[in-house]
Amino acid sequence: MATTSSAPLPPKRNDGPAWMPSLLKDAFAAGVLAALLALPMLGFRLVDSAQGLSLDYRFSWVGIAFAAVFAGRLAISLARNAWDGRRRPMRERGTEESHGLRLRKLAGWLMVAAALLLPWTPIADRNLIDKATLLLIYVMLGWGLNVVVGLAGLLDLGYVAFYAVGAYSYALLSQNFGLSFWLCLPLAGAFAATFGMLLGFPVLRLRGDYLAIVTLGFGEIVRVVLLNWQVVTGGPNGLSGIQRPSFFGLPFLAAVPGKTTFHEFFGLPFSPDHRILFLYYLILILALATNLFTLRIRRLPIGRAWEALREDETACRSLGINPTKTKLSAFATGAMFAGFAGSFFATRQGFISPESFTFLESAIILAIVVLGGLGSQIGIVLSAFLLVGLPEWFRELQQYRMLAFGGAMVLIMLWRPRGLLSSREPTVRLGKTPKAPEPMPAGEGATP
Amino acid sequence: MEYFIQQLINGISLGAIYGLIAIGYTMVYGIIGMINFAHGEIYMIGAFVSLIGFLFMGVLGISYIPLALFLVLLMAMLFTAIYGWAIERIAYRPLRGSVKLAPLISAIGMSIVLQNYVQLTQGARVKPLQPIIQGGFELSGANADFHVRLSYLQIVIVLLTIALMSIFTYVITRTPLGRAQRATEQDMTMASLLGINVDRIISTTFVMGAALAAVAGLMVTLYYGVIDFYIGFIAGMKAFTAAVLGGIGSLPGAMLGGLLIGLIEAFWSGYFSIGYKDVAAFSILVLVLIFRPTGLLGKPEVEKV
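Which chain is which? The protein sequence lines are A and B, in order. Reading the first sequence from the start, the letters are residues 1 to 448 in the UniProt record's numbering. Reading the second sequence from the start, the letters are residues 1 to 305 in the UniProt record's numbering.
Hints in this document: simulated from the structure, not taken from any laboratory. In this text the structure is predicted, and so the values were computed from the model without any measurement. Hints may contain errors.
Residues from chain A that face chain B, not an exhaustive set, calculated with beta carbons under 10 Å [unchecked claim]: (1) A38; (2) D48; (3) G217; (4) R223; (5) A363; (6) A404; (7) A408.
With a Cα cut of at most 30 Å, we get these calculated DSS-like pairs of lysine-lysine [stated by the list, open to error]: (8) B:K100 - B:K299; (9) A:K325 - B:K299; (10) B:K100 - A:K325; (11) A:K131 - A:K105; (12) A:K105 - B:K100; (13) B:K277 - B:K299.
We put the beta carbon where it would ideally sit given N, CA and C, even for glycine.
Work out the full structure: start from the sequences and follow the hints.
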């Protein structure tokens, strides 16, 4: 098998239709492969019954898999052959890029405006605002993780742990000490950042993938502790009845004895939509603050140090940047934003449990960052929309949703390995942007 | 003392299973430097194929257990290897030489796809299997209340693992294929200049890793008697931890790491609490990495500028 189709790219179009048989052969090989893959899983089905397991057969499905893949592969190859004949010449790279950057800036402002006006458009209803709020949580998490992965280049597979720390610290603080949301928000961020430091201190000496596995393990540890530490976290049942947010002390309720409510204070008729709207604007502001922070810090020495560290750790070290401290600050900053998002999540849901903080969430957030193009703020919005927003509309297809989600992750990566909008360009550069690796100007930490 | 020996036996059996999965991670990491996140799902598919295989043997009427076991083993290795090959071909090969994170995301996506594919095709319920290899030795010591149990199945698991490891070590160290693999691991470009078909070598690596994961899946099906579509994630994570613990890229390291993780888990759940056994394994990993950042048997990585 491995030998016959280890080079299945069909030959490029030459003179006649001589390539047709090879295309057919290639499609046939793909079909056979699909049939072999389908045989054990689709061809047989385990049936539970009172007497135990038994087998059921559905070999027709294997045939369907063969036919579908054969036809699909053939169609793709034909399309690719036709396409190859007239490939456009490459455009000039430099002009396109500066043009693209300006366009992106404009798009960013348009998006902010759209997000601000969304609740007042005729299409807005409770459901839509709710979904938009959820989307914005992921955008904010993506922007937060972007500090760690996109700017500092540290692969963090356990980001959701900090999100969980934020959520649980808000829930516990407000339940046990009666602190308000506005007091808890900075506290939750601080706790999450402290956790980031605690984890980061021993492990940030590690490079790349070692760091990835340790953060992955840390994410699991936090989840396991949340599950097992019943007295404090409520175990698998989670914490419920978490205090809902108030508008600077004015609760969103119909009437509270002895207290002015939001609608009474402003003389509006009571509506449950007020809270939804408030939550939407709250997360919008939090997310935009994250974005603004990232954009600004890139111009500060610390932000530049993060980017430099991502590009070349050895060079940084030799230039006197302390990699551990720099990494630690990036890690803690990213964790802090996750903590903010976590406490918002807790106040929005009113209920949290370890179920919400599984590895899958970490994977989704990381996928949002990477698919968006590492370091690109707008790319993250786009990919959050693709990965989280679109599937929300297909909730009816619950069963196939995750399958499609995983498939989309693979396909987008294959289609654009650098992400939808890649901007790995460092924010600052000395001199002009070099087109190719050319001799560096003297004075820069040249790496032979 | 008896209790200690019992946990030791359990830990070694569990460790053998982790070790077999860890080899897949360590080989792939060694050769192309990526975490094959979908490897845990490959193991899960191996477990499902074995379960289906056992039921199919029942349908065929093969009741002589060693023969059935052997046939199921072959079947599981074959079909799971095809999955391993296909995943590499579809999701990783097009991304070779691309941004470092791209194959990782693609792998996470693939793992989500496989998990849901199995859930959709085989159902989400836990699948039980009647014990196939029963019986064992009862070793009694000074304490008459507690007998150490060493089941035949545990012996089979350990022997099979040792046999596979020996074959594997032989292949890697003594055959032309193994030499090509080691060459590719050291320098992919140079290896291809010297006439090694790098693509094929990498495919073979995935096939080998998947076949070993299938054996681990078969063992788990027999050992625990229940599987579901979600077993791949935790086992894969533990196995990757084992690979890192032993020093990623090193085959004996993977086996050693697997054994250690298995032992830690068995002793921790035997003496402390079962709820925190995952925490124990990861804490040990963090501790080891602090003092030996390259793992127990790993070679220090020299970064060239």
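Violating hint indices (sorted, rising): none
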